[in-house]
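Throw the hints in and build the complete structure from the sequences for me.
Sequence lines, in order, name chains A, B, C and D. Residues 16 to 338 in the working numbering are what the first sequence spells out, letter by letter. Residues 16 to 338 in the working numbering are what the second sequence spells out, letter by letter. Residues 16 to 338 in the working numbering are what the third sequence spells out, letter by letter. Residues 16 to 338 in the working numbering are what the fourth sequence spells out, letter by letter.
One thing to keep in mind: the hints can contain errors.
Calculated cross-link-like contacts (lysine-lysine; reagent style DSBU-like; alpha-carbon spacing at most 35 Å) [stated by the list, open to error]: (1) C:Lys130 to D:Lys222; (2) A:Lys130 to B:Lys130; (3) B:Lys222 to C:Lys130; (4) A:Lys222 to C:Lys222; (5) C:Lys222 to B:Lys130; (6) A:Lys222 to D:Lys222; (7) D:Lys130 to D:Lys222; (8) C:Lys222 to D:Lys222.
Here are some, though not all, of the chain C residues that point toward chain D, as calculated from beta-carbon distances under 10 Å [unchecked claim]: (9) Ser75; (10) Arg127; (11) Ser145; (12) Ile192; (13) Thr202; (14) Val227; (15) Ser231; (16) Leu265; (17) Val291.
The hints are simulated quantities; they were obtained by calculation from the structure and are not laboratory data. Ideal Cβ positions, reconstructed from N, Cα and C, are used throughout, including at glycine.
Number of protein chains: 4
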Amino acid sequence: VIAEVDDACLSWLCDTDTDRLARMARRYAGAQATTRAEDLFADPDLDAILIATPVFSHFSLAQQSLQAGKHTFVEKPLAGSSQEAELLLAQAEADGLVLMCGHTFLYSPPVRTVKQILERGELGDLQFISSSRVNLGLHQSDVSVLWDLAPHDFSILHHWLGELPVAVRASGRDIAIPGIHDVAFVTMRYGSGLLANLEMSWLAPSKLRRTVLVGSEKMLVYEDGAPEAIRIYDKGVVHDDPETFGEYQLSYRTGDVISPRIDSSEPLALEIGDFVRSVRSGGPPAGHGELCLDVVRLIEAAEESLTGDGAEICPTADSPVVV
Amino acid sequence: VIAEVDDACLSWLCDTDTDRLARMARRYAGAQATTRAEDLFADPDLDAILIATPVFSHFSLAQQSLQAGKHTFVEKPLAGSSQEAELLLAQAEADGLVLMCGHTFLYSPPVRTVKQILERGELGDLQFISSSRVNLGLHQSDVSVLWDLAPHDFSILHHWLGELPVAVRASGRDIAIPGIHDVAFVTMRYGSGLLANLEMSWLAPSKLRRTVLVGSEKMLVYEDGAPEAIRIYDKGVVHDDPETFGEYQLSYRTGDVISPRIDSSEPLALEIGDFVRSVRSGGPPAGHGELCLDVVRLIEAAEESLTGDGAEICPTADSPVVV
Amino acid sequence: VIAEVDDACLSWLCDTDTDRLARMARRYAGAQATTRAEDLFADPDLDAILIATPVFSHFSLAQQSLQAGKHTFVEKPLAGSSQEAELLLAQAEADGLVLMCGHTFLYSPPVRTVKQILERGELGDLQFISSSRVNLGLHQSDVSVLWDLAPHDFSILHHWLGELPVAVRASGRDIAIPGIHDVAFVTMRYGSGLLANLEMSWLAPSKLRRTVLVGSEKMLVYEDGAPEAIRIYDKGVVHDDPETFGEYQLSYRTGDVISPRIDSSEPLALEIGDFVRSVRSGGPPAGHGELCLDVVRLIEAAEESLTGDGAEICPTADSPVVV
Amino acid sequence: VIAEVDDACLSWLCDTDTDRLARMARRYAGAQATTRAEDLFADPDLDAILIATPVFSHFSLAQQSLQAGKHTFVEKPLAGSSQEAELLLAQAEADGLVLMCGHTFLYSPPVRTVKQILERGELGDLQFISSSRVNLGLHQSDVSVLWDLAPHDFSILHHWLGELPVAVRASGRDIAIPGIHDVAFVTMRYGSGLLANLEMSWLAPSKLRRTVLVGSEKMLVYEDGAPEAIRIYDKGVVHDDPETFGEYQLSYRTGDVISPRIDSSEPLALEIGDFVRSVRSGGPPAGHGELCLDVVRLIEAAEESLTGDGAEICPTADSPVVV
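Now the structure itself:
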């Protein structure tokens, strides 16, 4: 993607897998290839570095990159702990460098469309959210399905709701590899009373990335990759009468279903373009720093609940606390 | 349905709603109509009574019916508490009467086909189950979505697995009517390690009744009402090598997807036929008594967790105990 | 259905299959049962007769029914030839009797909704229609798939468009029973230039009843039995510029997709209700006579093309003429 | 794709659109860029040329390429007339050059799997085929939808069946651009009695590429791009008894539905790989020459019927003849 962004030039390729490096080098003949990240840190002509490595190497590599004075883009999640994420953000801010984390879904046209629908209040009060993000594999040998898939849901929900939940609870199972949870169910409660239930799994018969938002006025289904990524159901419960004598009279409203037209932009290109623009303009990508940190906080909280028998965790404190 | 069963004769219609009663009476001209259940209990020529009333009236009506010496069929769940369910079962056994609870899904051809697939071990070890049973409405004003929808899932899972979970946890929200939960997420753990997550809701944009079973050998999706109710995915994770030095080498196996042919029998007709046969033969429908009781125990346990901040409840004891 | 219509009383059941007759008699205990249609014609208290028999018996039975002074409802199609259909309509008109043909789809809520959408011009000019009405079976041993399934499509299209096509062409194959076509493709051209292609088959892997209407402004898909029976696609081709020098500049417009809310009424109940109202009021069901006749004319024309090597037939003349 | 094939080297980029050429040149820095095809013909070090241009330029460019002694790959269809296609094939054969036409679907794993299923007779005798290949756009200003989409269906059917139909008939409409048909329905009859109906359109609300094959034993649905590209339905009509006295007793068999596992290879890479192998080995890609020619013959026949009021055309003669 970088190779096709207008204002950027791909000058280095770095991979410890020499076969893969050779293949890339062949395709991108204009760039230098190396297996040593140090070569990039040492190149004075290099402005920015993109890091797409295992989660627990993010901190060290990003720290070195920032220390070398490079603007830095890190694959999601930003770091393997909220403490490390805070350190990176602080360092970038101190040095006036752009530090961006690859929450690509924030650039996804349907995610942005849902954000607009929420902002204009079309769904009414959000009441609950039910989400599935499942597939067969790819298992990672060092981190659970939470570190792999939850950054998507957590970043999307944070983008939509603008707040952290007050309580997170998770249950799951480590099936294929002992100690590595490959299926997890996460329940989150927000200050407004909103309840969210997320299913994440590397063990599913077919790929599904589907989020249902139930509001007091309408309901919305966002299914990534479907021909109609967003469907808005004009459905709901109506309280027919003022309740009298403790009796509730409900009826059900069913109106049209609308699939709004979605812009067909490529999220990754938008994201890299935003990074390049930030680097050129000197300013960080708007408002993402706190979100990236909160995503790591949420993963930590969910992971703590998952490995601690499902206790409810409050992720808002600086370090998560059992409530 | 009863009117069309071969060996039975519909002789009474009873409803406190006089309009509905008149409508039924018109259609079933051969039967007597009444608004008073006592008329049925008092009729010496009546062999059996079917009770389809609100949950919390099941116990009283079924008790009177049994006391009147009638074989009794009760809509699910059997009673509003496990204690009451136990009393009814004991009474029926003492008096040699058939007492059956309308867990119609146990007669559903796809549910029975899944049972056979499980019995011949085709899925391998069951690892987790993820289920959604959601729709828009109908809210009930006296019981939560658990009392309404969970009997389906609990009876199906009990039929398939033959055991109660060792721990049940539920979270949810009472959105339309204060105090009546209309959305619930239930997590259950079984002795084998099997994890099940069930979503139930009266607030959903479209009807979905879908259960995913992930086994060590294959995966299965059962979607009630779909053109192909069962789909078996020959998919799974393969451990390539004996693990060496703590490294796991996984790959993913993807084979055919098979939708077995499903018998098209009508579950309700099968169920009523089974009830009539039991009445005629004098024996109870095979093995359902304990299941009906266990379903009520599970609802109680889930309800307790739901209204008690998600604590994990063990439903196996005579009365559920917080663990 | 008749048994539940308010203003009608089911007084006779007639079937030459004695088993089926006995089953019906048991369910509708209030009605007399017979295997002889003459008994109905002879009953002076009987107002109206519904005929649901094989196609080629429609004419004879309906004629006798009208001659006996009974208002008459005939299953679709009205008769086995346009000549017979004309005779029946003339006879009913002469005797002031209601003669109605069971084109139930005209009472189907989605069909009516499409009619309204077309009437308000929402799709622009209709350009082509593509339809599939396929299933596995049921083969009829005396008539082709055209006599069985085409009445649905032909009556629906006539209802929507209000006109006959100017040319009909059909091709097909008689696979299971020699001489009985079980798959047919019908192409029709209308005076406006509109082109329609209909696929009908008793040999299909799964049931599909789907009609696509492409207009100059929007496109519409009507799929009977789907959760969203109608979907309106705000899509089309745009001529960017006035054509210059023979060059066309096209672009494609893609807007929202809307599934309008559809009334959930039962078509058969609406239809029978309409028949009963007509009988009571003395007037025929609005405007259906010509449509019923035109449907038979279209079947004749398509059948002639089908069995005559696909020649194009004009169905508008009194008797179809090869063009 | 060529850039990633192992045994080939991308040395020239040629496009008359200078913007697009610049973009390509930037991505493939190792290749020379030109707007003049003559530069490629003149390069003595160039072994092979790939031509992806408008249909009616195929002949001239391919002819020049062959004359320059280059192995030649032409986008489908091979040429704008069967006469031209024959000339090219003759020229390539005379000069010992590889001439390949880009019927990529012949390398598509599901198309190949269907071929194997047919070869082992799993469907029984093929009885009819119904296909839809529709989308919104892209209109071409110089050729009809037949020249654009029919090469796919015609090459696939030829690959599966190994024979030309004995009769082709087409109807359609030129809606967006006068003279350019953008919707076409093609009916083909084969010597075996097999009937095929193909719908092709640039004016459809959603993309669909679906072919249904009905055989005497089983039915198969191939839907390109669907999660399960092939579904085999073990369904059919059964003749219960030997027919007696002209009566047919049919019943319907419904068994499992199977979606065979499909290899996930990339068809274009396989195709280019095959071309490169042929060039290196000196032999032409197995058996495709006649198929490429037959596809052009079929398009010509269908186009003739389409523009000639739907007359039935026989495509097997050297030049198509009206029958």
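Results of checking the hints against the structure:
1. For the hint pairing C:Lys130 with D:Lys222, the CA-to-CA distance comes to about 25 Å; that is within 35 Å, so the pair holds.
2. With a C-alpha separation of about 44 Å, the suggested pair A:Lys130 and B:Lys130 falls outside the 35 Å cut-off, and the hint is violated.
3. A C-alpha spacing of about 28 Å is found between B:Lys222 and C:Lys130, which places the hinted pair at or below 35 Å, so the restraint holds.
4. Straight-line distance between C-alpha atoms of A:Lys222 and C:Lys222 comes to about 26 Å, which keeps the hinted pair within the 35 Å bound.
5. Among the hinted pairs, C:Lys222 with B:Lys130 is consistent with the structure: their alpha-carbon atoms are about 28 Å apart, no more than 35 Å.
6. The suggested pairing of A:Lys222 with D:Lys222 holds, with an alpha-carbon distance near 21 Å, which does not exceed 35 Å.
7. For a cut-off of 35 Å, the pair hint linking D:Lys130 to D:Lys222 stands: about 24 Å separates their Cα positions.
8. Pair hint C:Lys222 plus D:Lys222 holds up; C-alpha atoms about 20 Å apart against a cutoff of 35 Å.
9. At its closest, the beta carbon of C:Ser75 sits 21 Å from a beta carbon of chain D; the interface hint therefore is violated under the 10 Å criterion.
10. About 21 Å separates the beta-carbon of C:Arg127 from the nearest beta-carbon of chain D, more than 10 Å, and the hint is not met.
11. A hinted interface residue such as C:Ser145 counts as satisfied when its beta carbon comes closer than 10 Å to some beta carbon of chain D; here the least separation is about 6 Å, so the hint holds.
12. Because the smallest distance between the Cβ of C:Ile192 and any Cβ of chain D comes to about 5 Å, under 10 Å, the interface hint for this residue holds.
13. The closest approach between the C-beta of C:Thr202 and any C-beta of chain D is roughly 5 Å, which is under the 10 Å cut-off, so the hint is satisfied.
14. Proximity of C:Val227 to chain D holds as hinted, the smallest CB-CB distance being about 7 Å (cut-off 10 Å).
15. Interface hint status for C:Ser231: upheld, as the beta-carbon distance to the closest one in chain D is roughly 8 Å, under 10 Å.
16. Interface restraint check: C:Leu265 against chain D, minimum CB-CB distance 5 Å, threshold 10 Å, status holds.
17. The restraint placing C:Val291 at the interface with chain D is violated, with a minimum CB-CB distance near 36 Å, outside the 10 Å limit.
In this structure, the hints that do not hold are numbers 2, 9, 10 and 17, in rising order.
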